Amino acid sequence: MIQIYILDIIGTLVFAISGALTAAEKRMDLMGIGIIAFVTALGGGTLRDILIGAHPVGWMQNIHYLIVVALGVVITFAFSNQLVPLRRTFFLFDAIGLGVFAIGGLEKALQYDIAPVYAIICGMISATMGGLIRDVLCNEVPLILRQEIYATAGFIGASFYLLFGHFNLMPELNLVLTISLVVTIRILAVRFKLGLPRIKKL
Amino acid sequence: MIQIYILDIIGTLVFAISGALTAAEKRMDLMGIGIIAFVTALGGGTLRDILIGAHPVGWMQNIHYLIVVALGVVITFAFSNQLVPLRRTFFLFDAIGLGVFAIGGLEKALQYDIAPVYAIICGMISATMGGLIRDVLCNEVPLILRQEIYATAGFIGASFYLLFGHFNLMPELNLVLTISLVVTIRILAVRFKLGLPRIKKL
Amino acid sequence: MIQIYILDIIGTLVFAISGALTAAEKRMDLMGIGIIAFVTALGGGTLRDILIGAHPVGWMQNIHYLIVVALGVVITFAFSNQLVPLRRTFFLFDAIGLGVFAIGGLEKALQYDIAPVYAIICGMISATMGGLIRDVLCNEVPLILRQEIYATAGFIGASFYLLFGHFNLMPELNLVLTISLVVTIRILAVRFKLGLPRIKKL
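Chains as they are written, first to last, in our numbering: chain A, 269 to 470; chain B, 269 to 470; chain C, 269 to 470.
Rather than coming from a laboratory, the hints here were simulated on the basis of the structure.
Quick caveat, the model's predicted, so the values are computed rather than measured.
These stretches of chain A come out as covered by chain C in the derived footprint (C-beta under 8 angstroms, 3 or more residues):
#1 291-297
#2 300-306
#3 322-332
#4 342-348
#5 402-409
Here are the computed distance ranges between Cβ atoms for each label pair:
#6 C:GLU293 / B:ALA383: 31 to 37 angstroms
#7 B:ARG356 / C:HIS332: 42 to 48 angstroms
#8 C:ARG295 / B:PHE347: 32 to 38 angstroms
#9 B:ASN407 / C:ILE278: 30 to 36 angstroms
#10 A:GLU440 / C:GLN379: 39 to 45 angstroms
#11 C:ARG355 / B:LEU431: 38 to 44 angstroms
#12 C:ILE270 / B:ALA383: 19 to 25 angstroms
#13 B:LEU354 / C:ARG295: 28 to 34 angstroms
#14 B:THR452 / C:LEU462: 54 to 60 angstroms
#15 C:GLN379 / A:PRO439: 36 to 42 angstroms
Below are the DMTMM-like pairs computed for lysine to aspartate or glutamate, each with C-alpha atoms no more than 25 angstroms apart in a straight line:
#16 C:LYS461 / A:GLU293
#17 B:LYS294 / A:GLU408
#18 B:LYS468 / C:GLU293
#19 C:LYS294 / A:GLU408
#20 B:LYS468 / C:GLU408
#21 B:LYS376 / A:ASP381
#22 C:LYS468 / A:GLU293
#23 B:LYS294 / C:GLU408
#24 B:LYS294 / A:GLU416
#25 C:LYS294 / B:GLU416
#26 A:LYS294 / C:GLU408
#27 A:LYS294 / B:GLU408
#28 A:LYS468 / B:GLU408
In this text, a Cβ means the ideal position worked out from N, Cα and C, and glycines have one as well.
So here's chain A without its partners, still in its complex pose (with noise of 0.2 angstroms):
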């Protein structure tokens, strides 16, 4: 679908910029900010690709990919100052990568024979593990583990998509249906400071 292609061109590139911005925060040069873009918008999609066994991994089979990477680097290098007043523009984008990533992980799961129930972890998975991975590298406690509904929400709308789509909703619908779904939960979840339970003390 020519739409999810887009979605996906846009997610990557704002994941991108995400991750460049956290590297450039750590004081990495060029090459760390390029090694963490890269990481962060294709990490998730290539840890599932390993995982289902779909090789060589998804950003070898398409240049879009590493252009996107490299703008990303660029637009992030070019622009830093401007873009921390954006955070709330950024957040909006990050939401739809999110949503788009989950959907088209679980996409390709399926592509590839895996079962519903893991073909929505492996959504999960894409919209997720490169921010994890990111966090890892910058040497911290990856923020998906500790706040915020976010792996959740990917969760929900990978769920949701493939519900959906038994029921025979047009994709196109089911596409911004379930993305909105996934904006909204975040938006509410950072609005009212929702977050899952926890342990209370150990």
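Fit chains B and C to the known structure of chain A by using the hints.
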């Protein structure tokens, strides 16, 4: 072998609970606890499957693994306070899990025509890399790299299982013997504070 | 090419010793030192093999790699005090290892029909990701992300090797030239404290 399967399930449950407890101590939320439980229990076997080219990876082929991990998370949430005093029982089950995963990992590698010396390493990877990834995600230097005879016990267990198998020892007896060996090594290592040599100073 | 093979073994040995020394500084025990030596020397090639779908991964197909890593650990234990003053010699061998792994990684990717642009990245991954995983396991922000022209030197080496190959340069001469190039870049980078651009402040 049905015995391996039952022990494998027990090992998965214990490793999942151990991961969930570690994550809870790090103040992670439900999703973080779930991800760490998952990774601790299934990460080692997943890495083994990736290295030997078994795809899709094991946990995508039998729903029991996901269910057992989920069960481990539920148990941790429900009984977190009661679990901590059970450290001794846990230590025992963890040692059994170590032995079972090492032997199960060896067996699977052999099924994929991996030569014995590498299959033993695959056993050790299955048994220890989940805990290693857990520690990396929790931003700690992995425990198994620093202290106590742990990975070494898995290595010895897998080696002896292979050796006894060559002498046509009955598989069930072999399993009991080598797992007992692993558990014994672990108990002795902890009780007498045995450790491997280090380099004095650098 | 026998020359690549010999250099590959030298590179593996140097990387294993470098990993073992880092682990020893972190007060790890023998098994920890062995695992870090293994990961530093073979982790990059293993990741490359996983990405391109070459399985079982390389070190499972030739026992020499395990033997050389073990040899590196033994050397580190036996001569740890003598090794530290040899930093300069090490630096040289490390630079040679960087070049060899980058070229060897490129060659293996090309054998698996990976397109040239990705094969160059595979070369860089082979040469640098072992050190990156080592740093992650030692709970450090990976060195290659922060300073000195390192991954970049591997990237340039692999690129020129491919370029010269297109002009039908004799493989042996190509190898000597491009490895000399990598070593020269590394020496210049360290001597003149050359670095890649960073983002000033955020």
